[in-house]
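Please build the complex by placing chain B on the supplied structure of chain A, with the hints as guidance.
Number of protein chains: 2
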Amino acid sequence: MLKKKNTYVVAVVGATGTVGKELVEILKERGFPVGELVPLASERSEGEKIACMGRNWTVKRLTKESFRNVDIAFFSAGASRSFEFVPAAVEAGAVAIDNSSAFRMDPKVPLVVPEVNAHAIARHTGIIANPSGAIVGLVLGMNPIHAAARITRIVVTTFQSVSGAGRNAIHELAQQTVSLLNFRDLEKNVHLHQIAFNCIPHIGVFVDNGSTREETNIANETRKIMEDDSISVAATAVSVPVFRGHSESVNIETGKKVSANEVRAILSAAPGVVVYDDPSKNIYPLAIDVVGKDATYVGRIREDGSVANGISLWLVSDNIRKGAALNMVQIAENLIQEKRAAETRISGG
Amino acid sequence: MLKKKNTYVVAVVGATGTVGKELVEILKERGFPVGELVPLASERSEGEKIACMGRNWTVKRLTKESFRNVDIAFFSAGASRSFEFVPAAVEAGAVAIDNSSAFRMDPKVPLVVPEVNAHAIARHTGIIANPSGAIVGLVLGMNPIHAAARITRIVVTTFQSVSGAGRNAIHELAQQTVSLLNFRDLEKNVHLHQIAFNCIPHIGVFVDNGSTREETNIANETRKIMEDDSISVAATAVSVPVFRGHSESVNIETGKKVSANEVRAILSAAPGVVVYDDPSKNIYPLAIDVVGKDATYVGRIREDGSVANGISLWLVSDNIRKGAALNMVQIAENLIQEKRAAETRISGG
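Chains as they are written, first to last, in the numbering used here: chain A, -6 to 342; chain B, -6 to 342.
No lab work stands behind these hints, which were simulated from the structure alone. Source: prediction; values computed, not measured. Treat the hints loosely; a few may be bogus.
Copies of the same chain look alike in the list, so a pair counts if it works inside one copy or between any two.
Straight line, CA to CA, 27 Å or less: simulated DSS-like cross-link-like pairs of lysine-lysine [what the hints assert, rightly or not]:
id, residue 1, residue 2
1, Lys274, Lys42
2, Lys286, Lys57
3, Lys(-4), Lys250
4, Lys274, Lys181
5, Lys181, Lys286
6, Lys181, Lys(-2)
7, Lys(-2), Lys250
8, Lys101, Lys(-3)
9, Lys42, Lys14
10, Lys274, Lys249
Here chain A stands alone, though its shape is the one from the complex:
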């Protein structure tokens, strides 16, 4: 689908959002072969300028005609826009890399964290989905342990920053904080309840079994990316008054006994993971420290004696960067390499 080129026409849907902006920065940082940037957004942002590859590109209003000549279309503008516009992008010949929940569990759509299942990219039919922010970090930490010791069950509680809910949620936390410190009334628009100085155990809508959509996503997406439906997952997803960086308290049970030191060794060798774990020096990952970092950081690794083969750990990653923008760009990089490798193989054969 994607032709081999020296440079690509790259559309970014949601270009003025938190993830969209980060994505353009990452394209620049990593020298992605952007020939032309097509920043797309809602009417409100039309006309804004976005700098990339030494030029200013004008933000245009997203329509179904936006994707002419586009090779790669990054989507990060919510599920309803993806449902509406991803098919138009694919129809126009682009590969859509979608950060919304719209297609994540579609069996025809690969759901990809390149360090874990890059091979799944090859079977795409126009759409590749990016997992929710909390899941990218989780599978990066879980997959290497699973390969070594077979994870049978994961009990995870997330501490999710407001940036996972977008730019307005970030503003809301700041505004509510200022209001509270000045004894003024609160405004609530994005979060259902006060998020400043509070924790809310509710991300996404509630589904029938009493879980939230985010919690069922954590279970389902984890199994899909790790390609093993035998892994049991119990998730509780909580919004915390943190601007950026998702933290996760993870307890796992494994088929094979592994020690905390073995887990440290396994994760130290794993791509995209940094073991940051020295209690004697008060070293463990913190949300404020991972902002802008590519890796997922793991610490507080310890054996859990409450079960036969138990391990507890604490995992933190930048939900906007590796949880979204960086992972999307890495998928695109793999797509190009995959394409190039495939064409090399064909021409070589």
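Chain B in isolation, oriented as in the chain A frame:
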């Protein structure tokens, strides 16, 4: 030890602290028979006045001679002060109700949440310990389920407010928040790392197995209060930027299968617990809503299919009130009743 009286001489060690102040308020609210209040604190607070029973009582400096004629001595001034001064209080004939960690795991000292193990009060030999704030709420929620369905394992992750670390920690969160919003440098005195807009998986010192003291306390105190060493507990204790109210994400496994509705019914009938659980109306407990409340609130009750008999829930309580001051006063109320009942029985015999 405690003589039957119409009113009691009550000492409050740490009278000007967060818990001490709340405790005096609760004595007043509940009409505790205070004949004389002896507020004690460090030199810094000497001379401050505390209103109670229509009088102003002058804060005095804590010394080993402070406990003459004292009947009940509430301690909430940290473990080192309790180690030093609780024996003096007991020697002087007082019963010490201690909110520090000093004596909690001492086999001679009852560790009490009255709704769970009031009977343990009777075997005290001068000291009764109050559990850590995160544990009072936890056992209030767990004990009724254990009685009905035998809990075999608890996996708990706490979201602990800074008030658990005292008045200076509260100020630190406020100060750091203001500094960050004004782009000023942060001061760190109480927390090892920035707590504003951050979550820190480190409460208490680290112990040998890679857990923190708070995490091992959660396991050990839960078993001691519930009087069942067969319950396995895996805990992760996390400080969050919330002023007051501890939230806990709890996953349990039971010997007997219970449904979410059965758990709701069990907890609705349990003393000290309020079931606050209606996802269809976005109703679940929140830290900001429980401040000043006596009960522990439980919501997000759902079956966890990742294990044979699994239940997940979300539990929130006011760590200063029920987690400390109120529970201490309830212990004292039980002590008085216990004493009165015992003496009635003796005189009646």
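- Could you work out which earlier hints the structure fails to respect and list their numbers in ascending sequence? 1, 2, 3, 6, 7 and 10
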